[in-house]
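Q: Single-letter residue listing:
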Amino acid sequence: MTLPRLRRLSQILSFGLFAVLLCLADSTARAFLEIDPLIALTNALTTHALYRGLLWSLAILIPTFFLGRFFCGWICPLGTLHHLVSNLRWESKSGRRRIESNRYQRWQAFKYYLLFALLAAALCRSALAGIFDPIALAVRSLALAILPALNHALGAPLSVKPAHFRQAFPLGVILVVILALNLRITRFWCRALCPLGALLGLASRWSILGLEKHAGHCDECNRCLLHCQGGDDPIPGAPWRKAECHLCMNCVADCPENGIRFRFLLRPRDTVERADLKRRKVLAGLAGGAAAIPMLRANTGLSAEPHERLIRPPASLDEKQFLSRCIRCGECMRVCPSNALHPAVTEAGWEGLWTPVVVPRVGYCEPSCTLCGQVCPTGAIWEFTSKEKAWSEPPSGTPDARPIRIGTAFYDRGRCLPWAMATDCIVCEEWCPTSPKAVYLRPAEVTDAAGNSRQVRQPYLDPERCVGCGACEYACPVKDRPAVYVTSVGESRSKTNQILLAHPARPPSWLPESDEAPGWKKTGETRAFEAADLWQYVDGDAERYLRAGVRRTLTAVYRHRDGIEAVADVHLMASPAAATAFFESEPSAGSRTIALGDEGRSYGQSVTFRRGPFFLRLTAYQDSPQTEAALVSLGRAIEARLTLAAS
Amino acid sequence: MLRNGPKPGFTRRDLLRAGLAGPLAARAAPEKSKVVIARDASLRGAGGSADSGRVLKLLDRAVQSFYASDSPLDAWKKVARPGEVVGLKVNCLSGRGAATSTVLVDALCERLQQAGIRQQDIVIWDRLNSDLESAGFRVTSRKDRVRCVGNDASGYDTDLAVYGSAGSLLSNTLAKTCDAVINLPVLKDHGIVGVTLALKNLFGAIHNPNKYHTNAGDPYVADVNMFPAIRRKVRLTICDGITAQYEGGPSYMPQWSWPYNGLIVARDPVALDQTGWQILERKRAEKGMKPLRALNREPVYIATAADARHRLGTNDPNLIDVVEV
Numbered sequence: 001m002t003l004p005r006l007r008r009l010s011q012i013l014s015f016g017l018f019a020v021l022l023c024l025a026d027s028t029a030r031a032f033l034e035i036d037p038l039i040a041l042t043n044a045l046t047t048h049a050l051y052r053g054l055l056w057s058l059a060i061l062i063p064t065f066f067l068g069r070f071f072c073g074w075i076c077p078l079g080t081l082h083h084l085v086s087n088l089r090w091e092s093k094s095g096r097r098r099i100e101s102n103r104y105q106r107w108q109a110f111k112y113y114l115l116f117a118l119l120a121a122a123l124c125r126s127a128l129a130g131i132f133d134p135i136a137l138a139v140r141s142l143a144l145a146i147l148p149a150l151n152h153a154l155g156a157p158l159s160v161k162p163a164h165f166r167q168a169f170p171l172g173v174i175l176v177v178i179l180a181l182n183l184r185i186t187r188f189w190c191r192a193l194c195p196l197g198a199l200l201g202l203a204s205r206w207s208i209l210g211l212e213k214h215a216g217h218c219d220e221c222n223r224c225l226l227h228c229q230g231g232d233d234p235i236p237g238a239p240w241r242k243a244e245c246h247l248c249m250n251c252v253a254d255c256p257e258n259g260i261r262f263r264f265l266l267r268p269r270d271t272v273e274r275a276d277l278k279r280r281k282v283l284a285g286l287a288g289g290a291a292a293i294p295m296l297r298a299n300t301g302l303s304a305e306p307h308e309r310l311i312r313p314p315a316s317l318d319e320k321q322f323l324s325r326c327i328r329c330g331e332c333m334r335v336c337p338s339n340a341l342h343p344a345v346t347e348a349g350w351e352g353l354w355t356p357v358v359v360p361r362v363g364y365c366e367p368s369c370t371l372c373g374q375v376c377p378t379g380a381i382w383e384f385t386s387k388e389k390a391w392s393e394p395p396s397g398t399p400d401a402r403p404i405r406i407g408t409a410f411y412d413r414g415r416c417l418p419w420a421m422a423t424d425c426i427v428c429e430e431w432c433p434t435s436p437k438a439v440y441l442r443p444a445e446v447t448d449a450a451g452n453s454r455q456v457r458q459p460y461l462d463p464e465r466c467v468g469c470g471a472c473e474y475a476c477p478v479k480d481r482p483a484v485y486v487t488s489v490g491e492s493r494s495k496t497n498q499i500l501l502a503h504p505a506r507p508p509s510w511l512p513e514s515d516e517a518p519g520w521k522k523t524g525e526t527r528a529f530e531a532a533d534l535w536q537y538v539d540g541d542a543e544r545y546l547r548a549g550v551r552r553t554l555t556a557v558y559r560h561r562d563g564i565e566a567v568a569d570v571h572l573m574a575s576p577a578a579a580t581a582f583f584e585s586e587p588s589a590g591s592r593t594i595a596l597g598d599e600g601r602s603y604g605q606s607v608t609f610r611r612g613p614f615f616l617r618l619t620a621y622q623d624s625p626q627t628e629a630a631l632v633s634l635g636r637a638i639e640a641r642l643t644l645a646a647s
Numbered sequence: 001m002l003r004n005g006p007k008p009g010f011t012r013r014d015l016l017r018a019g020l021a022g023p024l025a026a027r028a029a030p031e032k033s034k035v036v037i038a039r040d041a042s043l044r045g046a047g048g049s050a051d052s053g054r055v056l057k058l059l060d061r062a063v064q065s066f067y068a069s070d071s072p073l074d075a076w077k078k079v080a081r082p083g084e085v086v087g088l089k090v091n092c093l094s095g096r097g098a099a100t101s102t103v104l105v106d107a108l109c110e111r112l113q114q115a116g117i118r119q120q121d122i123v124i125w126d127r128l129n130s131d132l133e134s135a136g137f138r139v140t141s142r143k144d145r146v147r148c149v150g151n152d153a154s155g156y157d158t159d160l161a162v163y164g165s166a167g168s169l170l171s172n173t174l175a176k177t178c179d180a181v182i183n184l185p186v187l188k189d190h191g192i193v194g195v196t197l198a199l200k201n202l203f204g205a206i207h208n209p210n211k212y213h214t215n216a217g218d219p220y221v222a223d224v225n226m227f228p229a230i231r232r233k234v235r236l237t238i239c240d241g242i243t244a245q246y247e248g249g250p251s252y253m254p255q256w257s258w259p260y261n262g263l264i265v266a267r268d269p270v271a272l273d274q275t276g277w278q279i280l281e282r283k284r285a286e287k288g289m290k291p292l293r294a295l296n297r298e299p300v301y302i303a304t305a306a307d308a309r310h311r312l313g314t315n316d317p318n319l320i321d322v323v324e325v
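Taken in order, these protein sequences are the chains called X and G. Under my numbering, residues 1 to 647 are what the first sequence spells out, in order. Under my numbering, residues 1 to 325 are what the second sequence spells out, in order.
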């Protein structure tokens, strides 16, 4: 098999593997990005470390020191696409013009200056290199623009709900334009713009694989230039430019006189080993990259004005760290099962262009999904587990463990159906995936357009429980601008982008322990219920308390030495007036007034009383002559606890 | 030409008449729903708690009367066959005071086993393990004894059941484990939907009962009972009226409870609810309390359950055959 055929086979296999990985949604999908030396170098410069699999890039970089830019000619999937388009016959690149265009041009050195600019940006902690990196560009363009477009065009055979992405059109156009440039100049991108090609070109300076030309065999047919991919001047009479050669081997195969061949040479002749660099331009490139980052950051994004819709995927790093790692490859957006992640436009400032943001109106973050963290090649989104995410189950580990939060939902009461239009709607509460739910409903009397009074349940949000998944915004039936929306405030990754809320304290100790009340033993743990989940305690009865403005309920079971078992419920109401109203709403027939709290009643087998904003009920399971006295003594112990808590 | 011969014994007219008579007769006299109320004034022992022996006898009396059987075992054999898994849907939300009596459930388990149901094929269930425990049941999922498990432990089916205004996930115990269900509500008042009896007790089979309390539970209670698994599997309702509650429910309020000392048995949940509701209304009137209608919590869902769309049973007193034994 000839070397070009071998190279072609390698390109086909490599591109096939790339295409397969483009369809996978697990950690193997990031393989091509992990072997990319430019991504590894950028990551090392921005973070002063290498993220997990990026060491694999040495598998490309080390052979390059010996063999030259074999990656560009044999492996690079974007290079293969360019190669394919370059081979198309086109009028502007035929005959003599084709040969002329395949001579080395000074502008081919531009990619080196671009590389230096990007490395300088990396030193300023910005991973802008990802915008130009060929693998990231290929994944981004194909996964976010070309494949979704094909899917739409073919009637969505690849999925039930075809994905679509913001920025898909410009991303697609960019790929089409750089591919179309091949019709004018073979592999224009690889020759002039590719920073990875430039990096590998610089590394190939020490390559021992050289081109040996036999000028005596040459009849100047120029066929060696006809299919040259790198524009590296394989013709005799001109020095071969090692840093530009893609090792496509076309020149060797095309030479009718067998006057060209590759050999391992320590001191090759007629070879320019270094890239064609001008010191001033290198400095200009470095200065440009170093200057660009502060200028980009002077815009919004990293400044003191975070965009409200800059909702990053779960487990994303702090914004500064995030931008220093994110290479905009689009892998996270590609694998997101609910199409929630999209390339940012302006949310993260110019520096954050095409970095991932959650757009809840299009899709919400699935509670158990961890795919974005699995496929991220650079650690901008840390690999996390669904237990750490803890959206549908309580966070495990330390008592202070909290779920990963990406934002907080807010209600637009002017648009919310129960708030603004006296219409029942519980969609947001139904969709809320947290447990207990962050969205809770409270019954309210409202007046409809006809003046009729009716009861609806109005939604509220507990910001302590909300994780910002966006399910409520996604499902909100107010279709154009939703009545509930998520903003980034409260996100776990930021210390400053927070609502100033005190963390919920442990359940207050309103209920006495064993023997605090004479003869009473506490036989179980105190159970605490917030208003939103009071129904878990007394479904059906909860509404009565909710209407009265209950905030929290604590309950515990006690046993008296006389064998009496009792349940003590302490309800914290919205105010003392609410507690009074609730106390008075209960029928007093058959009761007698007792001196307990601010006002108390005994029904014999049960006692109710109020104290300040608290309403208390003590219920015994046994009726005996001692029951009432025992309940009152338990009530007094609780009252003492409440007095202590108030002080 | 006229026929002069003798008329045949069964003419064409006779045939038509006979063909029409059957359906018309059925239309004229629809089948009544039988509701058996069994009471025992001496049900309680010295400590005020129900005596297990008398509860067993009361249960036998009620079920025998309902199935018109000569022996209690014959009656139970009509409820479930050996090999079937029988779920006992108790009501434990309010703790021991207003929950399905453990004495009644023990009696029921005993009789089911005698009727050939293996003990491991009997499942006592409700919403939460903690509810079951607070009502005095011992939660266990061991396969060599009567199981007792909350929906929070058994989980919910992944298929959404939808009817009318209700959309819910059914508990795995109902949807997957059980072949038959005996519904064991408690005779008690409900602060929102009026009364909580046979129909309302099935709220304990779904994952989102808190959604369905607006508008006094109408039409949600009826809609939930239309879920196919509920309609298909609930074979009998035995309403626990050993201790009943006429106000302040569903939470336990001893001051509004009274020893009714009875059981109400029916296969028609609507008829049972209608009957139980009237019992509670009579007690309220006796205690000088306003009727539920005056408090805007008349259980209108009972009528909805009987309407042409639902046809879960009848709420027409004329079509309910109340048998007191």
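Calculated directly from the structure, the hints in this document are not laboratory data. Be careful, since some hints might not be right.
Derived pair list, reagent style DMTMM-like, types lysine to aspartate or glutamate, alpha-carbon separation capped at 20 Å [to be verified]:
{"no.": "1", "chain 1": "G", "residue 1": "Lys211", "chain 2": "X", "residue 2": "Glu586"}
{"no.": "2", "chain 1": "G", "residue 1": "Lys32", "chain 2": "G", "residue 2": "Asp316"}
{"no.": "3", "chain 1": "G", "residue 1": "Lys211", "chain 2": "X", "residue 2": "Asp424"}
{"no.": "4", "chain 1": "G", "residue 1": "Lys283", "chain 2": "X", "residue 2": "Glu586"}
{"no.": "5", "chain 1": "X", "residue 1": "Lys522", "chain 2": "G", "residue 2": "Glu133"}
{"no.": "6", "chain 1": "G", "residue 1": "Lys77", "chain 2": "G", "residue 2": "Asp106"}
{"no.": "7", "chain 1": "G", "residue 1": "Lys290", "chain 2": "X", "residue 2": "Glu584"}
{"no.": "8", "chain 1": "G", "residue 1": "Lys77", "chain 2": "G", "residue 2": "Asp179"}
{"no.": "9", "chain 1": "G", "residue 1": "Lys211", "chain 2": "X", "residue 2": "Glu430"}
To give a feel for the contact side, a few chain G residues facing chain X, derived at Cβ under 8 Å [to be verified]:
{"no.": "10", "residue": "Gln255"}
{"no.": "11", "residue": "Pro259"}
{"no.": "12", "residue": "Asn261"}
Ideal Cβ positions, reconstructed from N, Cα and C, are used throughout, including at glycine.
Q: None of the hints should be skipped; say for each whether it holds.
A: So, going through the hints one by one against the coordinates:
Our distance criterion of 20 Å between C-alpha atoms is broken by Lys211/G and Glu586/X, whose separation comes to about 25 Å. For the hint linking Lys32/G to Asp316/G, the alpha-carbon distance of about 10 Å falls within 20 Å, and the restraint holds. Taking the CA atoms of Lys211/G and Asp424/X, the gap is near 11 Å; set against the 20 Å cutoff, the hint holds. Proposed proximity of Lys283/G and Glu586/X is supported: the alpha carbons are some 18 Å apart, at most 20 Å.
For the hint linking Lys522/X to Glu133/G, the alpha-carbon distance of about 16 Å falls within 20 Å, and the restraint holds. This hinted pair checks out: Lys77/G and Asp106/G have alpha carbons roughly 17 Å apart, not beyond 20 Å. A C-alpha spacing of about 17 Å is found between Lys290/G and Glu584/X, which places the hinted pair at or below 20 Å, so the restraint holds. Distance restraint check for Lys77/G and Asp179/G: the Cα-Cα separation of roughly 14 Å lies within the 20 Å cut-off, and the hinted pair is therefore satisfied.
As the CA atoms of Lys211/G and Glu430/X are separated by approximately 9 Å, the hinted pair is consistent with the 20 Å bound. Evaluation of the Gln255/G hint against chain X yields a held restraint, the C-beta minimum of about 3 Å falling below 8 Å. Because the smallest distance between the Cβ of Pro259/G and any Cβ of chain X comes to about 11 Å, over 8 Å, the interface hint for this residue is violated. A distance limit of 8 Å between C-beta atoms decides the matter here; for Asn261/G the minimum to chain X is near 16 Å, and the interface restraint is violated.
Hints 1, 11 and 12 from the earlier list are contradicted by this structure; the remaining hints agree with it.
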